[in-house]
Amino acid sequence: MKNLFLLSAFLILISCAKSETVDLVVLNANVYTVDSAMSKAEAFAINNGKFVAVGTSEEISKKYTSDLIMDFEGEPVYPGFIDAHCHFYGLGLQEQNVDLVGTESYDEVLERIQQFQNERHLDFIIGRGWDQNDWEVKEFPTKEELDLIFPETPVVLSRIDGHAYLVNQKALDLAGITAETVVDGGEIVIEDGEVTGVLIDNPMSLVDKILPEITTSVAAKALQDAQEICFDYGLTTVNDAGLDKETILLIDSLQKSGAIDMRVYAMISNTKENVDYFLDRGILKTDKLDVRSVKAYADGALGSRGAAMKSPYSDKHNHFGAMVTPVDQIYSLAERLSKTDFQLNTHAIGDSANVVVLRAYEKVLADKKDKRWKVEHAQIVDEKDFDYFSNNIIPSVQPTHATSDMYWAEDRVGSERIKGAYAYKKLLDKAGTIALGTDFPVERVSTFLTFYAAVARKDTKGYPKGGFQIKDALSREEALKGMTIWAAYSNFEEDEKGSIEVGKFADFIVLNKDIMEVPESDIPNLKVNRTFVGGKQVK
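Count along the sequence shown from 1, then add 111; that gives the number in our numbering.
These aren't lab readings, by the way, just hints derived from the structure by calculation. These numbers were taken from a predicted model, which means no experiment stands behind them. Don't take each hint at face value.
List time: in silico PhoX-like cross-link candidates among lysine-lysine, alpha-carbon distance up to 25 angstroms [claimed, not checked]:
(1) K572 / K541
(2) K482 / K450
(3) K320 / K383
(4) K427 / K399
(5) K541 / K495
(6) K399 / K174
(7) K480 / K396
(8) K427 / K396
(9) K399 / K356
(10) K367 / K320
(11) K482 / K537
(12) K427 / K537
(13) K320 / K332
(14) K582 / K537
(15) K474 / K421
(16) K367 / K650
(17) K537 / K495
(18) K151 / K624
(19) K647 / K151
(20) K332 / K541
(21) K332 / K427
(22) K421 / K537
(23) K479 / K495
Go ahead and model the full structure; you've got the sequences and the hints to work with.
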């Protein structure tokens with residue numbers, strides 16, 4: 112009996128001696144690894160911010176021990192979500208300004224601004240989020256009411272898509288804009304010979320020059336505010352679609368100091384200063400920051416009729432929209448970047464803008480492999496142009512655009528062109544991958560609305576019953592991949608994130624219900640219980 116006791120004790124000691132101590136062990140979870148086989152697991156071990164083992168609870172328990180062992184009791188676990196196209200910094204800045212998202216009339220816009228100003232007493236009022244398509248009167252607003260309420264305080268209000276401003280006379284005066292001002296690309300809206308206060312695309316840059324300077328402390332606060340919102344929705348990486356040099360370097364500094372934990376794939380705004388700075392220095396890559404792409408704009412937005420179309424708008428005859436960047440400049444930028452390791456990611460909404468971008472990409476990438484250039488939005492594509500997409504030319508889309516625009520998009524483009532709009536399944540079939548994002552704060556941050564719009568093609572009220580152009584819906588597995596491993600692939604980051612596999616960053620999330628199994632109608636209301644970045648719980 113004594114010998115048996117000694118043997119048991121010896122075996123226990125041997126077992127303990129063989130256990131490897133790690134930072135965190137997770138057991139009894141329902142893990143969607145999103146590896147190449149879409150395999151499931153129960154447990155994993157994390158050390159130094161990375162997954163070191165993935166398997167069953169029994170396997171992990173036998174081999175690893177930790178001061179922090181978490182039993183998830185069957186909760187569903189997924190790789191951290193990646194938003195492939197958003198405006199992370201812009202979201203944070205919006206938290207500092209008037210929020211006009213969801214306003215149902217111009218009167219409500221004015222009410223929110225007055226309430227905001229009564230609380231803040233600012234010398235310069237900035238807001239974002241109005242959308243005339245959500246109002247009973249769907250015409251662009253004009254500045255008359257703003258001039259009456261704020262005769263001496265400049266007011267600049269960005270449309271929800273960021274491609275139009277409504278400004279008052281004080282702002283026009285400071286910017287030097289009159290009915291005689293000429294700017295290529297876009298429109299200064301004029302009625303009866305007078306400026307209405309609505310500026311579409313390129314003329315907005317004249318107003319941008321008079322906006323108050325954003326201090327470093329305000330910028331840092333904006334980034335931290337945006338991070339908190341994003342962690343709540345299970346985002347662990349965000350692709351910020353257009354940042355200047357100063358903001359990118361600030362993000363790098365804040366990440367290194369531990370002030371923010373969010374991983375950021377930063378697209379460089381297409382200005383000479385920004386592009387020259389980074390191309391001269393090469394790719395900037397840390398564990399949390401990846402700067403290896405340039406964001407360009409081919410055209411404007413469909414909602415403001417700034418998208419460049421091959422034929423006139425169906426609801427505004429003789430109007431084709433406009434290219435924001437001239438065709439020759441798109442080609443020259445593509446040619447320049449094709450000789451580097453940098454990626455080109457170009458905003459293209461209208462079918463004309465899309466084919467310009469696709470042809471430019473195809474021309475300069477003809478003899479090059481694995482460039483993974485992206486068409487951001489790829490919103491309205493002519494039937495004969497889908498074949499341009501490939502594993503070298505990737506669509507990066509935002510599913511909630513389809514469910515936000517479906518009420519009026521066909522009015523803009525007509526019954527034929529709408530067939531090639533928001534065609535996510537067809538884009539996936541052509542390219543082999545598709546990256547999913549939100550374009551927040553144009554749309555809501557919610558990753559669950561992204562997933563729901565991708566698979567159901569409905570709004571949160573269940574409209575339309577059969578789904579909007581349901582043939583282009585994605586399966587749940589495709590949607591999950593689009594928000595994880597395919598988004599990572601589009602960033603050249605598939606070897607470090609996007610799935611729960613050994614050697615990758617331990618970025619993962621825990622939901623209150625299984626997004627792959629719950630009834631479709633429940634998806635928008637799911638919640639994130641926990642968010643982890645590099646094995647550290649951040650939510």
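Holds or violated: K399 to K356, with C-alpha atoms at most 25 angstroms apart: 17 angstroms, holds
Agreement of K320 and K383 with the hint, judged by alpha carbon distance not exceeding 25 angstroms: 17 angstroms, holds
Distance restraint between K541 and K495, which requires alpha-carbon spacing of 25 angstroms or less: 12 angstroms, holds
K582 paired with K537 [C-alpha distance capped at 25 angstroms]: Cα-Cα ~9 angstroms, so holds.
25 angstroms limit on alpha-carbon distance, applied to hinted pair K537 and K495: 12 angstroms, holds
Straight-line alpha-carbon gap K427 to K396, limit 25 angstroms: 46 angstroms, violated
Proposed proximity, K421 with K474 (alpha carbon, max 25 angstroms): Given pair K474, K421 holds - Cα atoms ~20 angstroms apart, limit 25 angstroms.
Straight-line alpha-carbon gap K479 to K495, limit 25 angstroms: With Cα atoms ~23 angstroms apart, K479 and K495 stay inside 25 angstroms; holds.
Hint consistency between K647 and K151 [alpha-carbon to alpha-carbon, up to 25 angstroms]: 22 angstroms, holds
25 angstroms Cα cutoff - pair K480, K396: Answer holds: K480 to K396 is near 21 angstroms, not above 25 angstroms.
Satisfaction of hint between K537 and K421, Cα-Cα up to 25 angstroms: 21 angstroms, holds
Proposed proximity, K650 with K367 (alpha carbon, max 25 angstroms): 20 angstroms, holds
The structure does not agree with the numbered hints 1, 4, 6, 8, 10, 12, 20, 21 stated previously, though it agrees with the rest.
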